[in-house]
Amino acid sequence: MEFLDFAGEHLPFILEGVPVTLGLWILAISFGFVFGLVLAWCRIYAPTPLYLLATGYIEIFRGTPMLVQMFFIYLGLPEVGIVLDPFTSAVVAIGLNTSAYQAEYFRAALLSVPQGQMQAARAMGMGQTQALIHVILPQALRRVLPQWSNEAILELKFTSIAFAIGVSEITARAEQVGYRTFEFFDVFLLVALVYLVLTGVVAEVLQWVERRVHVPGVTTTGAAAG
Amino acid sequence: MTKSDEEVLRVEDLHKRYGDHAVLRGVSLTLTRGEAKVVMGSSGTGKSTLLRCINHLSPPDAGRVLLEGQPLTPATLNAMRRHIAFVFQDFNLFTHLKVIDNVRLGQRRILKRSKAAATERAMQELERVGLADRAHYYPAQLSGGQQQRASIARALAMDPKVILFDEPTSALDPELTGEVVTVMKQLASEGMTMLVVSHEVGFARTAADEIVFMDGGTIVEQGPPSTLFANPAHERTRAFLKVITHQESA
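Heads up: the sequence lines are chains A and B, in that order.
Sequential numbering from -17 applies to the first sequence in our numbering.
Sequential numbering from 46 applies to the second sequence in our numbering.
These are computed hints drawn from the structure, not numbers from a lab.
Please read all numbers here as calculations on a predicted model, not as lab measurements.
Honestly, I wouldn't trust all of these hints.
Far from chain B, some chain A residues (derived; all Cβ distances over 10 Å) [claimed, not checked]:
(1) 2
(2) 108
(3) 117
(4) 139
(5) 171
(6) 187
(7) 190
Computed from the model, here is a short list of chain B residues facing chain A with C-beta under 8 Å [as the list claims (entries may be wrong)]:
(8) 121
(9) 123
(10) 126
(11) 131
(12) 133
(13) 135
(14) 139
(15) 141
(16) 151
Residues of chain B placed beyond 12 Å of chain A at every Cβ, according to the derived structure [stated by the list, open to error]:
(17) 138
(18) 215
(19) 224
(20) 226
(21) 286
From the three backbone atoms N, C-alpha and C, an ideal C-beta is built for every residue, glycine too.
With the hints as constraints, model all of the structure from the sequences given.
Structure, rendered in structure tokens:
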């Protein structure tokens, strides 16, 4: 009961950070989605210099901690004249990082579409880009959705690192409550529950999307049965 | 079989090699409007490569392909391919699209037809291949024979000047080849210009204007089916025909 009282008192303050958390998350994964597609395209279709650039980028961003990347952007870049506010820095850091992971999922998905699909599109007179847009991508994106959903949910939790540069998202607010009340057990249990609800809702939404876009022969029937 | 002398497709001295292996060693042929030509020969003689080189899915190393006198070049390729339909051995229907959308996609995106016009035309072609009732199925929900008929409808909707068939029945169970051959025969009788790589003796005998026999990357013999089946001049042709006509009667 004590916990419920605590939650009743402090939850509203923490929940005020939800729009910030979700805002960080949506901007970062959207950026990662678009840039990840570009990187995947570079890895499969682009001439060698772009391929090497994309490959190097992916290796660097997968091989270093996101927290270090974020500090570099927020604290390091001002030294060369690039000053970003904390929220933007966090979006950029998480976005750049997830784009490297998303790129690899997209690459695998694009390559998993049978070659005959591209051939059939080209044979009817489509250019390569047209064939990618109308034939290959719609299949690749359906196939990648389960892995992409995992990545998206991971990133939702990773938005918590933004507290380290002073973004007032839910982890930062929980910490503030902690130092105000010294009820660290309760407050971090509470904020963990908030994350659990958020990831649960997001997982449900993404599964609903999976079922909506399911096409027999492109994606497995597991999604349809769920 | 309403043949005219008007030349639709001309293939001049095509060469193609993969590594050390010369798959095509100078193949030339012409198709006149309304003509149905069947290319036969044992496997590995370059029949499918010939078709793929004609629409440059595999660019030929040497030689030319002309459609109504216009050469296919990298610059004109996309614009000219819409006139050269290709029917694949394994159908290659767009798996994420319903049958009707498969037949509409090229019409919409390449020929820029309105949605209403594309839909009307798609339904006509699906009717023609006997699949109007499957218009809203996905490819994976169809049998192989139905998928191949749908891919023929997709080809027809583009108003091609010629259709290339690459072993259209080879991936099908024997009991499903008939429905595809029937559609192809009907097209030939309606005057569609077609170049068919196939071992379907039934189609070759009754629907082809001419049989082209390939061996080792070249054309060794060609002529009307009556002559070629009854009286093949070449030893390789005789040996091959013996095998496939035997299979047919078995």
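Hints, one by one, checked against the model:
| no. | hint | result |
| --- | --- | --- |
| 1 | 2 | 37 Å, holds |
| 2 | 108 | 6 Å, violated |
| 3 | 117 | 5 Å, violated |
| 4 | 139 | 31 Å, holds |
| 5 | 171 | 45 Å, holds |
| 6 | 187 | 22 Å, holds |
| 7 | 190 | 19 Å, holds |
| 8 | 121 | 11 Å, violated |
| 9 | 123 | 5 Å, holds |
| 10 | 126 | 4 Å, holds |
| 11 | 131 | 4 Å, holds |
| 12 | 133 | 6 Å, holds |
| 13 | 135 | 6 Å, holds |
| 14 | 139 | 5 Å, holds |
| 15 | 141 | 5 Å, holds |
| 16 | 151 | 4 Å, holds |
| 17 | 138 | 8 Å, violated |
| 18 | 215 | 14 Å, holds |
| 19 | 224 | 20 Å, holds |
| 20 | 226 | 21 Å, holds |
| 21 | 286 | 30 Å, holds |
In this structure, the earlier hints numbered 2, 3, 8 and 17 are contradicted, and the remaining ones agree with it.
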